[in-house]
Amino acid sequence: MLAQHQHLEGKVPKALFNGQKTYRFLDKIDSGGFGTCYRAEHDGREVAVKISRPDPDQPLTKTLLLDEVRILKSVKHEGIVGYIDDFEVDDLTILVMDYWEGKDLAKLADSQPQTNGKRVLSEDKTAQLLAQVVQAMEYLHQAGVVHRDLKPENILLDRLEEKAAIGDFGFAYWEKDRQCGTWGSAGYKAPELYSSGMYSNKIDVFSFGATMYHLLLGEIVNLEKLGELKFNKVGPEAAKVLEDILKKDP
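Numbering (my numbering), first residue to last: 937 to 1186.
In short, the hints are calculated from the structure, not lab data. No experiment lies behind these values; they were computed from the predicted model shown. Note that CB positions come from ideal geometry on N, CA and C, so glycine has one too. A hint or two may mislead.
Straight-line C-alpha distance at most 25 Å; calculated DSS-like pairs for lysine-lysine [as the list claims (entries may be wrong)]:
no. : residue 1 : residue 2
1   : K1138     : K1012
2   : K1166     : K1061
3   : K1012     : K998
4   : K1176     : K1061
5   : K1061     : K1099
6   : K1112     : K1099
7   : K1061     : K1043
8   : K1039     : K964
9   : K1161     : K1176
10  : K1099     : K964
11  : K1009     : K1099
12  : K1166     : K1176
13  : K1061     : K1039
14  : K998      : K964
15  : K1039     : K1099
16  : K1161     : K1054
17  : K1043     : K1169
18  : K998      : K1112
19  : K998      : K1009
20  : K950      : K964
21  : K964      : K1061
22  : K1012     : K1054
Okay, the calculated beta carbon distance ranges per label pair [stated by the list, open to error]:
no. : residue 1 : residue 2 : range
23  : E1155     : D966      : 35 to 45 Å
24  : Q1064     : D1034     : 17 to 27 Å
25  : T999      : A1122     : 17 to 27 Å
26  : A1122     : Q1048     : 15 to 25 Å
27  : D1027     : E1160     : 33 to 43 Å
28  : D1027     : A1175     : 47 to 57 Å
29  : K1112     : A1067     : 21 to 31 Å
30  : G1123     : V948      : 26 to 36 Å
31  : V1025     : N1168     : 47 to 57 Å
Let the sequences and hints guide you as you build the complete structure.
In structure tokens form, the structure reads like this:
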């Protein structure tokens, strides 16, 4: 149980008990739509603990939480945050994962010095990190998984900022379960996510392109102006990749 039955909205819990395992909380990492992620320790190892509470008024949120756990348990790749443990406490879903101690890609970009009023990553650094994301994304798609929320904030880095991993599978789903809806994050989700029709794993490809665009040009993609996007501030290879991806139907 959660020590002292503390709620998600309160202070950082002291500890979490699951049978013989004790997770001692160190600090809060971040909060999202359905829950909060903490840095914790178990047997001398730092881990990330995500505590989520489904919205009783939206039954689908419970399905999303269960899918997140099932998907992470089923995949294993160096470019994907690793699963460690999961359990439930009352109405809370607890997911324990590998802890990545570096910045996420959004914070890394924001930490760069300004160039012409923009904070951008170099093309070499972007290529190095996103190449790992491509490998992880291809692995997910081959496994039949669609992430549905690929963006800089959900790409985690190690302490040396040399390795990258896809995290936060809160909107992920099995492609065989064919879904529709507007899940995802504005500025990164594909145009078809705004329609009522079905979509495929191509939505992750568009999100990857939008992420690359953000890192290299320091801007968020405006879906209403896709045809007006300019890539003349990046090299020809990067420009070709961006041009090929950022279309209505990637």
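Results of checking the hints against the structure:
1. Pair hint K1138 plus K1012 holds up; C-alpha atoms about 21 Å apart against a cutoff of 25 Å.
2. Simply put, K1166 and K1061 have alpha-carbon atoms about 21 Å apart, close enough for the 25 Å limit, and the pair holds.
3. Distance restraint check for K1012 and K998: the Cα-Cα separation of roughly 23 Å lies within the 25 Å cut-off, and the hinted pair is therefore satisfied.
4. Restraint check for K1176 and K1061: satisfied, since their Cα atoms lie roughly 18 Å apart, inside the 25 Å limit.
5. With a CA separation close to 11 Å, the supplied pair K1061 and K1099 stays within the 25 Å bound.
6. Restraint check for K1112 and K1099: the C-alpha separation of about 30 Å exceeds 25 Å, so the hint is violated.
7. The straight-line distance between the Cα atoms of K1061 and K1043 is roughly 14 Å, inside the 25 Å bound, and the hint therefore holds.
8. Among the hinted pairs, K1039 with K964 is consistent with the structure: their alpha-carbon atoms are about 14 Å apart, no more than 25 Å.
9. Between K1161 and K1176 the CA atoms are separated by roughly 18 Å; this keeps the pair inside 25 Å, and the hint holds.
10. This hinted pair checks out: K1099 and K964 have alpha carbons roughly 22 Å apart, not beyond 25 Å.
11. A threshold of 25 Å between alpha carbons decides the hint, and for K1009 with K1099 the separation of about 21 Å falls inside it, so the pair holds.
12. Proposed proximity of K1166 and K1176 is supported: the alpha carbons are some 11 Å apart, at most 25 Å.
13. Distance check on the hinted pair: K1061 and K1039 sit about 14 Å apart at the alpha-carbon level, within 25 Å; holds.
14. Straight-line distance between C-alpha atoms of K998 and K964 comes to about 23 Å, which keeps the hinted pair within the 25 Å bound.
15. As the CA atoms of K1039 and K1099 are separated by approximately 11 Å, the hinted pair is consistent with the 25 Å bound.
16. Note on K1161 and K1054: the hinted pairing holds, with a Cα-Cα distance of about 19 Å set against a maximum of 25 Å.
17. Between the alpha carbons of K1043 and K1169 the distance comes to roughly 22 Å, so the proposed pair stays at or under 25 Å and holds.
18. Taken as a hint, the K998 and K1112 pair is honoured in the structure, with Cα atoms around 19 Å apart against an allowance of 25 Å.
19. Restraint check: the Cα-Cα separation between K998 and K1009 comes to about 17 Å, which is no more than 25 Å; the hinted pair holds.
20. A hinted pair counts as satisfied when its Cα atoms are at most 25 Å apart, and K950 with K964 qualifies at roughly 11 Å.
21. The hinted pair formed by K964 and K1061 fails the criterion: a straight-line CA distance of about 28 Å is larger than 25 Å.
22. In summary, the hint linking K1012 to K1054 is not supported, as the alpha carbons are separated by about 36 Å, beyond the 25 Å threshold.
23. Checked against the hint of 35 to 45 Å, the pair E1155 and D966 fails, with Cβ atoms roughly 23 Å apart.
24. For Q1064 and D1034, the hinted distance range of 17 to 27 Å is satisfied, since their beta carbons lie about 21 Å from each other.
25. Remark: the range hint 17 to 27 Å for T999 to A1122 is upheld by a beta-carbon distance near 22 Å.
26. A C-beta distance of roughly 23 Å is found between A1122 and Q1048, which places it inside the suggested range of 15 to 25 Å.
27. At about 40 Å, the CB distance of D1027 to E1160 agrees with the hint of 33 to 43 Å.
28. In this structure the hint that D1027 and A1175 lie 47 to 57 Å apart at CB holds, the actual value being about 49 Å.
29. Between K1112 and A1067 the beta carbons are some 28 Å apart, a value that agrees with the proposed interval 21 to 31 Å.
30. Remark: the range hint 26 to 36 Å for G1123 to V948 is upheld by a beta-carbon distance near 30 Å.
31. Between V1025 and N1168 the beta carbons are some 53 Å apart, a value that agrees with the proposed interval 47 to 57 Å.
Hints 6, 21, 22 and 23 from the list above are not met by this structure, while the remaining hints are.
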